[in-house]
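Visitor: Chain order of the listed sequences is A and B.
Using the numbering used here, the letters of the first sequence correspond one by one to residues -17 to 228.
Using the numbering used here, the letters of the second sequence correspond one by one to residues 7 to 362.
None of these hints come from the bench; they were simulated from the model.
Some hints could be false.
[Stated by the list, open to error] Listed next, the in silico DSS-like pairs over lysine-lysine satisfying Cα-Cα at most 25 Å (straight line):
#1 Lys171/A / Lys(-5)/A
#2 Lys27/B / Lys184/A
#3 Lys185/A / Lys275/B
[What the hints assert, rightly or not] Listed next, with one range per pair, are the computed distances between beta-carbon atoms:
#4 Phe221/B / Glu227/A: 52 to 58 Å
#5 Pro204/A / Phe221/B: 27 to 33 Å
#6 Glu227/A / Gly115/B: 18 to 24 Å
#7 Asn127/B / Asp41/A: 52 to 58 Å
#8 Pro204/A / Pro114/B: 50 to 56 Å
#9 Gly95/A / Leu116/B: 30 to 36 Å
#10 Glu50/B / Glu19/A: 35 to 41 Å
#11 Trp46/B / Gly95/A: 40 to 46 Å
#12 Asp(-8)/A / Asp198/B: 48 to 54 Å
#13 Glu232/B / Ser203/A: 49 to 55 Å
#14 Gly115/B / Glu216/A: 30 to 36 Å
#15 Arg131/B / Gln169/A: 39 to 45 Å
#16 Ser45/B / Glu209/A: 39 to 45 Å
#17 Pro114/B / Glu209/A: 41 to 47 Å
[As the list claims (entries may be wrong)] Computed footprint of chain B on chain A; a stretch qualifies when at least three of its residues, placed anywhere within it, have a C-beta under 8 Å from a C-beta of chain B:
#18 25 to 32
#19 44 to 57
#20 117 to 128
We put the CB at the ideal spot given by N, CA and C, even for glycine.
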Amino acid sequence: MGEMIYKRTDFLKARPTHYCPGCTHGLEHKLVGEVLEELGVIDRSIMVISVGCSAPAYDYANVDNIACLHGRAPATATGVKAALPDSIVYLHQGDGDLLSIGLDETISAAGRGENITVVFANNNIYGMTGGQMAATTLIGQKATTCPAGRDPHLDGYPMKACEMIATLTAPKLVARTALYDIPHIIQTKKILKKAFQNQIDKKGYSFVEILSTCPTNWHMSPQASMEHVKNEMEEVYPLGIFKDED
Amino acid sequence: MKKLMKGNEAIAEAAIQAGCKCYFGYPITPQNEVPEYMSWRLREMGGVFKQAESEVASVNMVYGAGAAGVRAMTSSSGLGIALMQEGITNLASTQVPAVFLNVMRGGPGLGTIQASQADYNQMTRGGGNGDYYLPTYAPSTLQEACDLIQKAFDTAFKYRTPVGVMVDATIGNMMESVDIKENVQPDPSIPDVNEWCIRGGRREDGSVHRIKGLFNVPEECEAFNEELAKKYDKIRENEVMVDIKDCEGADVVIVAYGTTARIAKQTMKLGKENGLKIGMVRPQTVWPFPYDELREACRDAKGVLCAEMAIDQLLQDVKLALEGTKPIATYHRLSGVMPSANDMYDACVKLAKEAK
Ligand SMILES: Cc1ncc(C[n+]2csc(CCOP(=O)(O)OP(=O)(O)O)c2C)c(N)n1
Ligand code: SF4
Ligand SMILES: [Mg+2]
């Protein structure tokens, strides 16, 4: 018998996902799952699922989970933690969900310093509804509601979640990461681990933005999508740790 | 023990005594004493109070706590309840129990902060999408409000549904003597929450609890809707509450609830003094509505007077109940202008004359 050196995280069910090839939503669930497993808290983890392409994640989570209304995951997670203060909640939210319809809930939960961990899948587009412009869509980027490319005079400028949240007093960890190569995947996992450790230690709110891909609505191959994150997105959304309080 | 208390505070205390452990709310007049009272009293009792950033947030916080099997509630007035409608239909679809208190003010829109019953349609017909209902109690005294909010938690957990309690600003803000039942234990017929609630991780057999209202397959969603409809039938069958007074041999029956029913009692007295027999049907649940009970109670009446602090909202249910069998007249005052027992009496006299 060989030695087991890698296995599917127990956080996820053994089944294929609906995510498109090259989409990073699934990789993000996996990294979080591995982190929760390594931290030994799977048995008290709850996945708080938002509305967006990751909405059907209720079929993948191998722990108790709750599907929220569009934008309201931080409020719902606040309720879950009020009832179950020792649970470990993982919020997974897209940019439409977190920065547009749910901006109030996002900022308010961060401002209150809820003891939760938010994973923000920023793919600069509304994936689920077919590629409409998001608050994060890059200048010049085409989307179905800005077919000629985002024009700042018509549609304003990209909104930056980490930069906004880092201005608040309560958050303990605010970071932006990417997944376009192995070192960045490892770095993302490290930051996720810290974010969940904060929650386990009841230190308070952590926010991890992951520059994510949507090959389908970007009309790019999976590989070109990763290149796009590295060459275009990162310029507008610089990677880094915006706040880290011990 | 009887105590003189302010409406909103008494209702909040009654909720706590019924095991409410989490309260989330956003300030709006005329119910501000509810969150204010909860902020210290619920915490003192070991529960969680959070001032939400909006009613949209409140209802979704209630959703999270309710999903964990905990007794959770929020309160607001019509405008805030309007913002909660997406959340209320979501609770119905995810079968998460919770209690919503609406202390009604005048509308539409910002309206007035004084007493009104213009949220009747909002509570009984709802503004959320899909085939759902909100079982709703409509108490008319402070004692009844305290008793019914306690019952509302049981109903919510018995059927795994959001439940409403609606009072108007008068009841929320008046002082009345109440005897709040303390440390009320849940109805023993309520199924164990551990059969469905989220706790974190999974059960010993590896199963996972999912709280969700989204379906991937139309047939599954259709089947769920049929199940939900059966639940509402059961609620209609078992949970109707109505107070019927002096309807036998009555010339006129008044249909009224809440504060309007208190005023109608004065009108009945005027009737007694002046030789007009007036009865009253007072729905204590407005959904499910006591259709059969109302029709039966009005059997002897020459006519039925529908009295409310709203324009022809309760009337729709009265019409559905009477199915055209009796002449119906209406009496209303609006937006904080209180109905008068004398005017209501005059309306009864006129109706009795015309209905002959
Ligand atoms: C109240 C409400 N409005 C609109 C929608 C439709 N809707 C579903 S997902 C979505 C956008 C999702 O985009 P994002 O959050 O960026 O997630 P992604 O699919 O890109 O991962 C919208 C607008 C909805 N479900 N609810
Ligand atoms: S549409 Fe985009 S975000 Fe949605 S699954 Fe496909 S690649 Fe991922
Ligand atoms: Mg997106």
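Visitor: All hints are to be evaluated individually against the structure, with a verdict given for each.
Guide: For each hint, the structure was consulted:
no.	hint	result
1	Lys171/A / Lys(-5)/A	20 Å, holds
2	Lys27/B / Lys184/A	21 Å, holds
3	Lys185/A / Lys275/B	64 Å, violated
4	Phe221/B / Glu227/A: 52 to 58 Å	42 Å, violated
5	Pro204/A / Phe221/B: 27 to 33 Å	29 Å, holds
6	Glu227/A / Gly115/B: 18 to 24 Å	44 Å, violated
7	Asn127/B / Asp41/A: 52 to 58 Å	37 Å, violated
8	Pro204/A / Pro114/B: 50 to 56 Å	52 Å, holds
9	Gly95/A / Leu116/B: 30 to 36 Å	33 Å, holds
10	Glu50/B / Glu19/A: 35 to 41 Å	39 Å, holds
11	Trp46/B / Gly95/A: 40 to 46 Å	21 Å, violated
12	Asp(-8)/A / Asp198/B: 48 to 54 Å	27 Å, violated
13	Glu232/B / Ser203/A: 49 to 55 Å	45 Å, violated
14	Gly115/B / Glu216/A: 30 to 36 Å	47 Å, violated
15	Arg131/B / Gln169/A: 39 to 45 Å	53 Å, violated
16	Ser45/B / Glu209/A: 39 to 45 Å	52 Å, violated
17	Pro114/B / Glu209/A: 41 to 47 Å	54 Å, violated
18	25 to 32	holds (count 6)
19	44 to 57	holds (count 10)
20	117 to 128	violated (count 0)
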